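*Asks:* The residues making up each chain are set out below.
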Amino acid sequence: MAELGRFALLLGLFLSGYAVLVDLLGAWRKDLGLVKSGRNATVAALICLTVAIAVLWGLLVRCDFSISYVAEHTSRALPLAYRLSALWAGAAGSLLLWLWLQVGFAAMVFNKIDEKEKVFTANARASVNFVSVFFFIILILDKSPFALSVPVPADGAGMNPLLQHPAMVLHPPTLFIGYAALIIPFAWVFAALKDNEKQGLSPLFIQARNWTLIAWLFLTIGIVLGAWWAYEELGWGGYWAWDPVENSSLMPWLTATALLHCFRTYKPRTAIARWLTVLSLVTFSLCIFGTFLTRYGLVSSVHAFPEPGLGILFLVLLVHIWVMAAVLLWRKYRSEPIDSQVTGLPGRKFIRLNNWLMVLLTFVILTGTLFPFLSGLFTEQKISLKPDYFTKITAPLGLALLLLLGMCPYLLRNGISKNWRMFGVVIVSITTVIAWLLTKGLAVPFFIICGFAAINLTADIFNNGSGMGKDTQTVRPRKTLRWYGARIVHISVVLIFIGITGSSAYEIEKQAALSPGESVAIGKFNVKFGGLKTDRGPNYTAMIADITVSKDQEPVARLNPSLAFYSDSGKQASEVDIKRSLGSDIYIALTAVDRNSELVNLRMLIKPLINWIWIGSAGLVLGTGLVLISFYRRSRTV
Amino acid sequence: MRTKTIVKALIGVLVIGGGIGYFMYQAMQSSWSYYYSVDDLSVNSSAAKNHSLRIAGTVKQGSVTRDLQKMRLTFTLAGSKAEVPVHYEGPVPDNFAEGKEVVVEGRLDTAGVFRAETLMTRCESKYKAKVK
Chain V
1 MAELGRFALL LGLFLSGYAV LVDLLGAWRK DLGLVKSGRN ATVAALICLT VAIAVLWGLL
61 VRCDFSISYV AEHTSRALPL AYRLSALWAG AAGSLLLWLW LQVGFAAMVF NKIDEKEKVF
121 TANARASVNF VSVFFFIILI LDKSPFALSV PVPADGAGMN PLLQHPAMVL HPPTLFIGYA
181 ALIIPFAWVF AALKDNEKQG LSPLFIQARN WTLIAWLFLT IGIVLGAWWA YEELGWGGYW
241 AWDPVENSSL MPWLTATALL HCFRTYKPRT AIARWLTVLS LVTFSLCIFG TFLTRYGLVS
301 SVHAFPEPGL GILFLVLLVH IWVMAAVLLW RKYRSEPIDS QVTGLPGRKF IRLNNWLMVL
361 LTFVILTGTL FPFLSGLFTE QKISLKPDYF TKITAPLGLA LLLLLGMCPY LLRNGISKNW
421 RMFGVVIVSI TTVIAWLLTK GLAVPFFIIC GFAAINLTAD IFNNGSGMGK DTQTVRPRKT
481 LRWYGARIVH ISVVLIFIGI TGSSAYEIEK QAALSPGESV AIGKFNVKFG GLKTDRGPNY
541 TAMIADITVS KDQEPVARLN PSLAFYSDSG KQASEVDIKR SLGSDIYIAL TAVDRNSELV
601 NLRMLIKPLI NWIWIGSAGL VLGTGLVLIS FYRRSRTV
Chain W
1 MRTKTIVKAL IGVLVIGGGI GYFMYQAMQS SWSYYYSVDD LSVNSSAAKN HSLRIAGTVK
61 QGSVTRDLQK MRLTFTLAGS KAEVPVHYEG PVPDNFAEGK EVVVEGRLDT AGVFRAETLM
121 TRCESKYKAK VK
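Chain order of the listed sequences is V and W. Once you know that position 530 of the first sequence is 530 in our numbering, the rest is easy, because the numbers rise by one and skip nothing. Once you know that position 93 of the second sequence is 93 in our numbering, the rest is easy, because the numbers rise by one and skip nothing.
Just so you know, the hints here were simulated from the structure itself, not pulled from any lab data. Incorrect hints may have been included.
Here are the computed lysine-lysine pairs in the DSS-like style, where the Cα-Cα straight-line distance is at most 27 Å [said to hold, decoys possible]:
(1) V:571 x W:100
(2) W:70 x V:528
(3) V:332 x W:4
(4) V:386 x V:332
(5) W:100 x W:81
(6) W:60 x V:571
(7) W:4 x V:267
(8) V:533 x V:440
(9) V:386 x V:524
(10) V:349 x W:8
(11) V:267 x W:8
(12) V:571 x W:8
(13) V:510 x V:524
(14) V:533 x V:479
(15) V:510 x W:4
(16) V:528 x V:349
(17) V:386 x W:8
(18) W:100 x V:332
(19) V:386 x V:510
(20) V:112 x V:349
(21) W:4 x V:386
(22) V:386 x V:112
(23) V:551 x V:571
(24) W:81 x V:349
(25) V:30 x V:524
(26) W:81 x V:533
(27) V:524 x W:70
Residues of chain V placed beyond 12 Å of chain W at every Cβ, according to the derived structure [claimed, not checked]:
(28) 363
(29) 386
(30) 434
Bear in mind that the values here come from a model prediction, so they are computed numbers and not experimental data. Backbone N, C-alpha and C fix where the C-beta goes; we use that ideal spot for every residue, glycine too.
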């Protein structure tokens with residue numbers, strides 16, 4: 001079976017390489033036959049990848065430990081669902097999945113070969129297949145999912161019990177869908193750069209924008225799932241640690257956010273068009289670079305050991321992309337001056353400001369992430385930055401972004417003007433600065449700006465056009481489904497900021513060693529440890545603590561955090577227990593147990609407002625879904 | 001006209017770049033953490049005393065003790081040649097165990113004991129899953 005998989009990958013490599021050549025040739029000679037052949041080769045490569053994935057899945061389900069990928073990621077005792085999800089548990093499998101999605105999306109979008117669009121789609125396909133060739137080479141030579149394991153082990157290594165959790169099963173593939181979907185705007189940009197004819201708001205432009213939104217939706221879901229899992233499972237009480245792997249999923253998300261705003265104001269042959277080109281390339285490059293960064297150990301992460309290998313090919317790919325893009329950009333815009341006559345919403349420049357802030361955030365995060373590597377270049381001594389670097393540097397930028405977000409409904413239509421609304425902004429800004437100076441912290445300023453943004457955005461939903469400025473160019477908003485969707489997304493962002501601020505600035509943390517019957521105070525609460533219960537399972541013994549939390553002598557919650565010891569592997573796993581409410585979470589983890597004296601160590605946290613992060617995240621998904629529905633409807637009516 | 005735009009743009013870039021650079025420098029200064037392996041540390045231990053450090057090493061077999069009363073974890077972090085004792089009082093990751101590679105962040109005290117503020121284990125290499 002594995003031979004079939006290996007052969008499918010080889011054939012796929014050949015087909016992708018062939019597709020690049022015929023598509024480029026076909027686009028150059030405007031030859032319909034060649035372009036057709038390029039499209040067919042792309043579809044054939046997709047079929048090869050589908051075969052390879054099916055084979056790998058088959059091997060995983062059958063527990064064929066002669067294949068090292070299977071031996072490393074599954075075991076006979078592993079339930080079927082986790083054996084299936086082992087497809088993306090390792091580097092080789094996840095790269096295969098990513099490639100399959102990427103070619104699949106491209107085959108769906110760039111499939112038209114009619115007279116009008118054949119050159120454009122051929123160029124777009126060529127750029128996708130060019131990327132695919134690199135992925136194929138890495139899959140065949142470096143990270144082959146079908147490599148043999150010698151000698152064949154009796155049983156596989158199994159899957160880390162921490163990862164055997166629904167959120168962790170879904171987290172990697174959602175991120176990969178996001179990364180893979182970003183190939184569409186990337187390929188669109190490349191094709192548009194090569195195209196010397198006018199590229200207006202063509203159907204393919206609409207597709208590129210829609211797929212960016214789809215990518216953004218999946219990246220959002222993936223990132224939130226990871227954060228949620230860390231909070232629920234890891235017992236440390238946080239949800240984000242600014243680890244290189246986390247950062248490398250956040251960076252493309254930030255630039256994709258900028259890209260979405262940029263699509264909204266796109267006009268061909270303007271400065272925005274050039275900017276969009278660059279931004280789309282940056283976003284896609286960050287997906288590739290993030291993989292390189294974390295998989296190949298340029299900087300070490302908590303998540304995995306570096307595995308040196310052909311990862312340098314990812315860098316070679318990036319260099320190729322940027323050199324080609326630079327040549328094409330130069331060629332295109334040398335002959336095509338910026339059209340300065342184009343007018344649009346007065347708020348266009350504020351969208352540019354949003355873009356700058358997003359890019360700046362990405363830049364500071366990238367610098368921090370690469371710091372151990374960068375410092376190693378200049379000095380003998382490697383220097384890493386503690387997570388509070390990221391917190392400190394992103395906070396002021398986040399504040400600026402929130403202020404802009406709060407003003408956006410007004411700015412977009414009217415720009416800056418002298419009336420009561422702008423006066424409000426000035427008042428809010430001054431109050432924020434005073435609050436910052438008085439409290440010497442950023443929490444109160446964040447709450448002020450969040451409140452301002454929430455009020456402004458909500459008021460805008462109920463605004464029927466009255467009370468708007470009497471000055472020039474006042475446009476009434478058309479309240480379409482898309483408009484409501486975007487508003488929900490923006491309000492959700494404010495909610496998430498409220499959650500982040502509350503849970504990080506007003507968190508109370510305490511550790512205590514308690515014997516049965518003893519209690520300890522944390523914040524306004526009193527935590528009493530009743531005693532231990534023992535639960536014996538087939539291969540583990542779990543100690544369950546009985547804890548009563550009370551406030552003003554009134555019991556508010558009974559929590560049962562536990563600590564399980566696995567007899568076969570000698571591992572232990574702690575299960576936290578959380579009392580949730582919209583106000584704050586009470587989070588208790590059992591960190592150590594003395595089985596003789598029943599003395600326990602507890603780690604307790606009060607996390608105010610944290611649930612607003614998850615509520616806001618659900619809002620992001622809902623709002624984005626509404627926008628996508630409106631896009632879909634419109635594409636049906638056009 | 002054209003030169004004027006360029007000058008304007010340059011000034012803008014300088015002001016924004018300077019501002020961001022300053023912010024970044026400020027944020028970095030307080031979170032600077034020197035990265036050593038245990039072996040490097042023993043060579044530079046006098047130089048390393050007053051800095052925040054990040055050290056990678058292996059938890060020595062048989063060195064882990066947990067004092068539940070004081071809520072303190074003590075173990076010996078070993079490199080290929082040198083060793084350093086570590087005291088730690090925070091949350092211990094589930095997959096912390098003897099023989100594991102770990103990274104600790106903290107300071108060396110005058111007695112040569114490393115007072116760790118954070119303790120990180122790495123996902124085992126066989127679980128090289130793209131998690132998080």
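*Asks:* Taking the hints in turn, state whether each one holds.
*Replies:* Results of checking the hints against the structure:
no.: 1; hint: V:571 x W:100; verdict: holds, 12 Å
no.: 2; hint: W:70 x V:528; verdict: holds, 19 Å
no.: 3; hint: V:332 x W:4; verdict: holds, 25 Å
no.: 4; hint: V:386 x V:332; verdict: violated, 44 Å
no.: 5; hint: W:100 x W:81; verdict: holds, 17 Å
no.: 6; hint: W:60 x V:571; verdict: holds, 17 Å
no.: 7; hint: W:4 x V:267; verdict: holds, 26 Å
no.: 8; hint: V:533 x V:440; verdict: violated, 46 Å
no.: 9; hint: V:386 x V:524; verdict: violated, 31 Å
no.: 10; hint: V:349 x W:8; verdict: holds, 16 Å
no.: 11; hint: V:267 x W:8; verdict: holds, 25 Å
no.: 12; hint: V:571 x W:8; verdict: violated, 62 Å
no.: 13; hint: V:510 x V:524; verdict: holds, 13 Å
no.: 14; hint: V:533 x V:479; verdict: violated, 58 Å
no.: 15; hint: V:510 x W:4; verdict: violated, 59 Å
no.: 16; hint: V:528 x V:349; verdict: violated, 57 Å
no.: 17; hint: V:386 x W:8; verdict: violated, 37 Å
no.: 18; hint: W:100 x V:332; verdict: violated, 55 Å
no.: 19; hint: V:386 x V:510; verdict: holds, 22 Å
no.: 20; hint: V:112 x V:349; verdict: violated, 35 Å
no.: 21; hint: W:4 x V:386; verdict: violated, 42 Å
no.: 22; hint: V:386 x V:112; verdict: violated, 50 Å
no.: 23; hint: V:551 x V:571; verdict: violated, 36 Å
no.: 24; hint: W:81 x V:349; verdict: violated, 60 Å
no.: 25; hint: V:30 x V:524; verdict: violated, 74 Å
no.: 26; hint: W:81 x V:533; verdict: violated, 44 Å
no.: 27; hint: V:524 x W:70; verdict: holds, 24 Å
no.: 28; hint: 363; verdict: violated, 8 Å
no.: 29; hint: 386; verdict: violated, 4 Å
no.: 30; hint: 434; verdict: holds, 20 Å
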